[in-house]
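K.L.:
Starting from the known structure of chain A, arrange chain B on it as the hints suggest.
First to last, the sequence lines map onto chains A and B.
All residue numbers for the first sequence refer to our numbering, where the first residue is 34 and numbers rise by one.
All residue numbers for the second sequence refer to our numbering, where the first residue is 8 and numbers rise by one.
Keep in mind that the hints were calculated from the coordinates and are not lab data.
Keep in mind that the hints are not guaranteed to be accurate.
[As the list claims (entries may be wrong)] Here are the simulated distance ranges between beta carbons:
id, chain 1, residue 1, chain 2, residue 2, range
1, B, Gly261, A, Gln40, 53 to 59 Å
2, B, Glu201, A, Gln40, 48 to 54 Å
3, A, Ala60, B, Arg264, 28 to 34 Å
4, A, Glu43, B, Arg244, 48 to 54 Å
5, A, Arg64, B, Leu74, 16 to 22 Å
6, B, Ser48, A, Glu43, 32 to 38 Å
Beta carbons: idealized from backbone N, C-alpha and C, even for Gly.
So the chains spell out like this:
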Amino acid sequence: MIFVNGQSSEVPAGETVAGVLARMGLAEGARGVAVAVDGEVVPRAAWSTHALGEHARVEVLTAMQGG
Amino acid sequence: MMPEQTSAVVAGGQPALGEEPLVIAGRTLRSRLILGSGGFSSLELMAEAIAASGSELVTVALRRLDLSPTRPRGSLVEVLAAAGVEILPNTAGCHTARDAVLTARLAREAFATDWIKLEVIGDEDTLLPDAPELLHAAEQLVDEGFVVLPYTTDDPVLARRLADVGCAAVMPLGSPIGSGMGIRNPYNIALIREAVNVPLVLDAGIGTASDAALAMELGCDAVMAASAIARAEDPVRMASAMRAAVGAGRLAAGAGRIPRRTYAKASTPSKGLPDF
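Isolated chain A (complex conformation) (with noise of 0.2 Å):
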């Protein structure tokens, strides 16, 4: 089971972190997006090669009102 901001999803283990983004309906390219997999930065330029772990828990964060 692959975990995605907190909520156990549909993803199946060898997805890539890219494939994730899109099936949330985010380009490739989209703007003010970050995301994280097991407590690590995966940079943009990997996100279409990082593929998820068994048990991955993936973060994808953005831009809100703060501070």
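P.N.:
For chain B alone, coordinates are given in the frame of chain A:
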């Protein structure tokens, strides 16, 4: 952009007194007011307030993207880009150096900026910074090439330590975030001014324009205002007031105020006083 409201330019095109630009980490900022994007009831109101404030730097937080199919499509990033301001990401909500460092790295990815307003919170009720975690995170982020602007307590020793590890500015609080209590310890802010050579930005606690003016009079280089503008009854009007206050305080700081004294000192000479 709104028309100039603080007469930044006098005849001949020279900047008026007190209007020298602020430089942080090599970036020139004409406005000495940094805005928070939080607390506005709409993005439209935020954009109007930004324009009225003249600010060129606006903070944003990083949070989980809303996964629901009904998530709003209007993007904060796009509104800020249209407003012509730079984004200053923050690490709001982080309680450890580890989380703050990770958040800063994610912000760099998301917004393509090395600038980070570093916040490491140590207490939920007061939102006061956790000093050891803050210093630790600052050191690590400076090592990783970030331009670090730490939100700190009004402790001159901690401010000096933050500057010593390479922070690009220090941002002491006047009073707790969102409290509107103004500057509770102006002596400490003045001491911090003496303690550090990096830009000094008053962060947190500003309630109204006079607080911003006082910050500048105490020697701050800039003021950060968030709730004071966003949660005012009329945020756009308050943004204009803050802009004017920062300008006035800066002018007054450069003008050199008279000393405070207990007794009166007549401004009219007694010489020539008639004897009735």
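K.L.:
Now look at each hint and say whether the structure bears it out.
P.N.:
Cross-check of the supplied hints:
Taking the beta carbon of each, glycine 261 of chain B and glutamine 40 of chain A are about 55 Å apart, inside 53 to 59 Å as hinted. Our hint of 48 to 54 Å for glutamate 201 of chain B and glutamine 40 of chain A holds, since their Cβ atoms are close to 51 Å apart. As the Cβ distance of alanine 60 of chain A to arginine 264 of chain B is approximately 56 Å, the hint placing it in 28 to 34 Å is violated. With their beta carbons about 49 Å apart, glutamate 43 of chain A and arginine 244 of chain B fall inside the hinted range of 48 to 54 Å.
Against the hinted window of 16 to 22 Å, the Cβ-Cβ separation of arginine 64 of chain A and leucine 74 of chain B comes to about 18 Å, which satisfies the hint. Restraint check, serine 48 of chain B to glutamate 43 of chain A: a C-beta distance of roughly 36 Å satisfies the suggested window 32 to 38 Å.
Checked against the numbered hints listed earlier, the structure breaks hint 3 alone; every other hint is satisfied.
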